[in-house]
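Undergrad: Sequence:
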Amino acid sequence: MFNKQFNIKIDSNKLQFISSLFGSDILPNVSIGLNIKDLILEYSLIHKLPSFTPYQCIPFTNICPTCFKKLDRNVSKQHLVTLYLHNHHIVPAVVFTLTCNHSRTNKNHCDKTTITPNFIQHNNERIFTCESFRTSNFLYFGGKSVFDRNLLIQYMTDLITNSSTLEGFVSSYNIQRRHKNIGDSKLGFLLFTRTILSFALIHFVFFMGLPEIVLPKICREEEMDPYFESIESYIHHLMANFWLQHKYIKSCGEHCSRALIVDGNYKIRRPICIYNFNVIQTPEFQSMSVGCRNSPRYQDVYCEEHKDRRDNAETDVGEPLTSNESWYERPTQLRNGKKVFYDALSCKTLKSKPGHYISNTFRTLGIVLWILNCNIIVSSVELLRSESIKEIIGGLCQLIRFSQTGVSEDNTAICHVPQNIIYDDGCHLIKTIIDHFGGLLYHNAATAFLYKKCTFTIDRLHYQNHRDSWCKQYLNPDNNPSLNGINTEACEQTFSWLNKFSKSFSRMCSKRCQLALHLMLHHWNCNHIGLNPYDQDIGRSFLPLSNTFLSS
1 MFNKQFNIKI DSNKLQFISS LFGSDILPNV SIGLNIKDLI LEYSLIHKLP
51 SFTPYQCIPF TNICPTCFKK LDRNVSKQHL VTLYLHNHHI VPAVVFTLTC
101 NHSRTNKNHC DKTTITPNFI QHNNERIFTC ESFRTSNFLY FGGKSVFDRN
151 LLIQYMTDLI TNSSTLEGFV SSYNIQRRHK NIGDSKLGFL LFTRTILSFA
201 LIHFVFFMGL PEIVLPKICR EEEMDPYFES IESYIHHLMA NFWLQHKYIK
251 SCGEHCSRAL IVDGNYKIRR PICIYNFNVI QTPEFQSMSV GCRNSPRYQD
301 VYCEEHKDRR DNAETDVGEP LTSNESWYER PTQLRNGKKV FYDALSCKTL
351 KSKPGHYISN TFRTLGIVLW ILNCNIIVSS VELLRSESIK EIIGGLCQLI
401 RFSQTGVSED NTAICHVPQN IIYDDGCHLI KTIIDHFGGL LYHNAATAFL
451 YKKCTFTIDR LHYQNHRDSW CKQYLNPDNN PSLNGINTEA CEQTFSWLNK
501 FSKSFSRMCS KRCQLALHLM LHHWNCNHIG LNPYDQDIGR SFLPLSNTFL
551 SS
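Letter by letter, the sequence shown follows residues 1 to 552 in the numbering used here.
Hints are computed from structural coordinates only; laboratory data are not their basis.
Remember, it's a predicted structure, so these values are computed and weren't measured experimentally.
Check each hint, because a few of them may be wrong.
Stated by the list, open to error - Pairs of lysine-lysine residues, derived as DSSO-like cross-links and limited to a Cα-Cα distance of at most 27 Å, are as follows:
#1 LYS186 - LYS144
#2 LYS247 - LYS452
#3 LYS112 - LYS247
Claimed, not checked - Derived CB-CB ranges, DEER-like:
#4 LYS307 - TYR248: 54 to 60 Å
#5 ILE218 - LEU461: 47 to 53 Å
#6 ARG134 - ASN108: 29 to 35 Å
#7 ARG73 - THR157: 52 to 58 Å
#8 ASN532 - GLU492: 27 to 33 Å
#9 ILE153 - LEU543: 23 to 29 Å
#10 PRO283 - GLU223: 38 to 44 Å
#11 GLN419 - THR157: 31 to 37 Å
#12 ARG73 - CYS130: 50 to 56 Å
#13 LYS70 - GLU304: 45 to 51 Å
#14 GLN281 - LEU461: 33 to 39 Å
#15 LEU461 - ASN150: 40 to 46 Å
#16 ASN74 - GLY168: 29 to 35 Å
Backbone N, C-alpha and C fix where the C-beta goes; we use that ideal spot for every residue, glycine too.
Whenever a hint applies, use it, and build me the whole structure from the sequences.
TA: Next up, the structure:
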């Protein structure tokens with residue numbers, strides 16, 4: 001840097017010797033009473049000499065990962081960026097990059113490779129590896145911003161322990177800057193949101209034992225939000241599979257992971273497009289009405305995909321839809337030749353919403369959580385318009401497939417899902433499985449596991465609301481010996497913490513919401529059992545059978 005800035009050739013050993021004289025007994029000890037780093041920083045700002053800033057971010061390696069050529073650091077390019085420090089200072093910094101064209105190698109036909117302080121840029125992708133990301137104090141994600149690692153760790157810690165929201169943390173950072181009179185620059189909310197999501201995502205991947213993660217080349221909102229949406233399903237898979245094996249990772253005692261508790265939470269309700277005619281097919285059901293999950297455009301009721309239906313808004317809202325439970329309103333032919341109605345139970349605990357409600361909703365209904373009895377959250381899924389039995393069965397079967405390690409001789413899934421399933425509407429859930437297994441509920445390895453292996457119970461808090469004699473005979477948690485000493489209210493206990501984030505997540509767009517929720521719950525689980533979410537390779541031995549990471 002010295003040679004390049006002043007065009008003076010000086011040996012590095014001589015330069016090091018000269019610098020070592022300062023502070024020694026050889027030269028006079030002159031005290032100026034000022035911080036030398038602040039002086040250098042002020043000088044660099046006044047004279048517009050970015051190379052004089054004390055914050056220099058150099059490439060993490062000088063070996064090209066494509067052609068393995070050793071690059072000369074003296075020809076690195078410098079880029080002036082903004083550094084956001086943990087102490088609320090926003091200062092200029094310099095990022096140095098090395099570029100290799102692979103000349104005179106057998107890779108000369110490949111695109112050029114750029115090495116930055118924290119990632120490799122190649123083929124229009126940013127590749128983060130453990131080597132490039134885990135050691136530096138300042139993190140460069142691309143663009144014109146660098147973040148103090150301690151600042152990002154501080155937010156993730158405050159998120160879990162103090163329920164700090166993104167808006168609150170950014171506002172606090174900027175207010176403290178103003179109170180300290182250290183400049184007018186501010187930390188941007190959208191910039192910090194993309195950065196903290198990328199930070200948590202990268203560490204999650206390394207925690208799970210994967211060697212690298214590929215992000216889009218451009219770190220703008222237009223590129224990152226679609227990427228966050230596309231990667232969410234894979235992160236969900238990794239998270240659920242890992243935490244379903246909680247008792248093998250760090251057991252919490254005799255009753256660890258004995259039961260899986262399911263419940264819906266109606267506090268996190270983000271805006272959604274009112275187009276609700278989307279019908280999907282699942283491995284369990286021929287059809288399921290879900291509607292559009294996308295966030296609407298600004299000051300509109302339709303998303304970008306369905307914006308052409310603006311003239312049909314009155315029709316879309318006014319026409320009642322068929323709910324996911326309508327198939328129960330007709331008698332079902334059972335295997336024994338009898339016909340029964342699904343709603344023959346006297347319990348009025350069905351949670352599905354009628355068609356006129358589904359047709360008029362402008363927000364998601366909430367989320368449904370799957371939690372182990374030891375308060376470990378293994379999965380979360382948005383409830384777009386209704387908490388129907390179809391959604392619950394689909395979610396259970398998804399967890400079975402996520403953690404499936406094989407299939408038994410009777411075509412039943414071998415998985416890590418506990419065989420005790422607790423749900424506050426357990427009576428309708430088990431009756432659906434019994435009455436429709438092999439018919440409207442398709443026969444596959446996951447549904448066979450529910451039908452043949454699982455015991456369904458109502459949690460103790462909601463059991464008092466059930467009046468049907470069938471419920472009292474078969475679904476009383478106190479009559480199930482395997483639930484002795486089991487905490488069946490884990491969901492309600494977790495909701496008291498989760499509800500603090502209702503406003504924050506309710507304002508988040510569809511492309512970020514689910515991923516942000518998964519990553520937050522992962523950090524909560526780590527804190528709950530004493531794991532460090534920034535450790536590496538904790539989940540390597542627990543990875544699912546199919547663990548190919550999705551690229552952008």
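Undergrad: Each hint needs a verdict: does it hold in this structure or not?
TA: Against the structure, the hints come out as follows:
no. : hint                        : in the structure
1   : LYS186 - LYS144             : 14 Å, holds
2   : LYS247 - LYS452             : 23 Å, holds
3   : LYS112 - LYS247             : 47 Å, violated
4   : LYS307 - TYR248: 54 to 60 Å : 48 Å, violated
5   : ILE218 - LEU461: 47 to 53 Å : 49 Å, holds
6   : ARG134 - ASN108: 29 to 35 Å : 32 Å, holds
7   : ARG73 - THR157: 52 to 58 Å  : 35 Å, violated
8   : ASN532 - GLU492: 27 to 33 Å : 28 Å, holds
9   : ILE153 - LEU543: 23 to 29 Å : 25 Å, holds
10  : PRO283 - GLU223: 38 to 44 Å : 32 Å, violated
11  : GLN419 - THR157: 31 to 37 Å : 36 Å, holds
12  : ARG73 - CYS130: 50 to 56 Å  : 22 Å, violated
13  : LYS70 - GLU304: 45 to 51 Å  : 47 Å, holds
14  : GLN281 - LEU461: 33 to 39 Å : 35 Å, holds
15  : LEU461 - ASN150: 40 to 46 Å : 41 Å, holds
16  : ASN74 - GLY168: 29 to 35 Å  : 45 Å, violated
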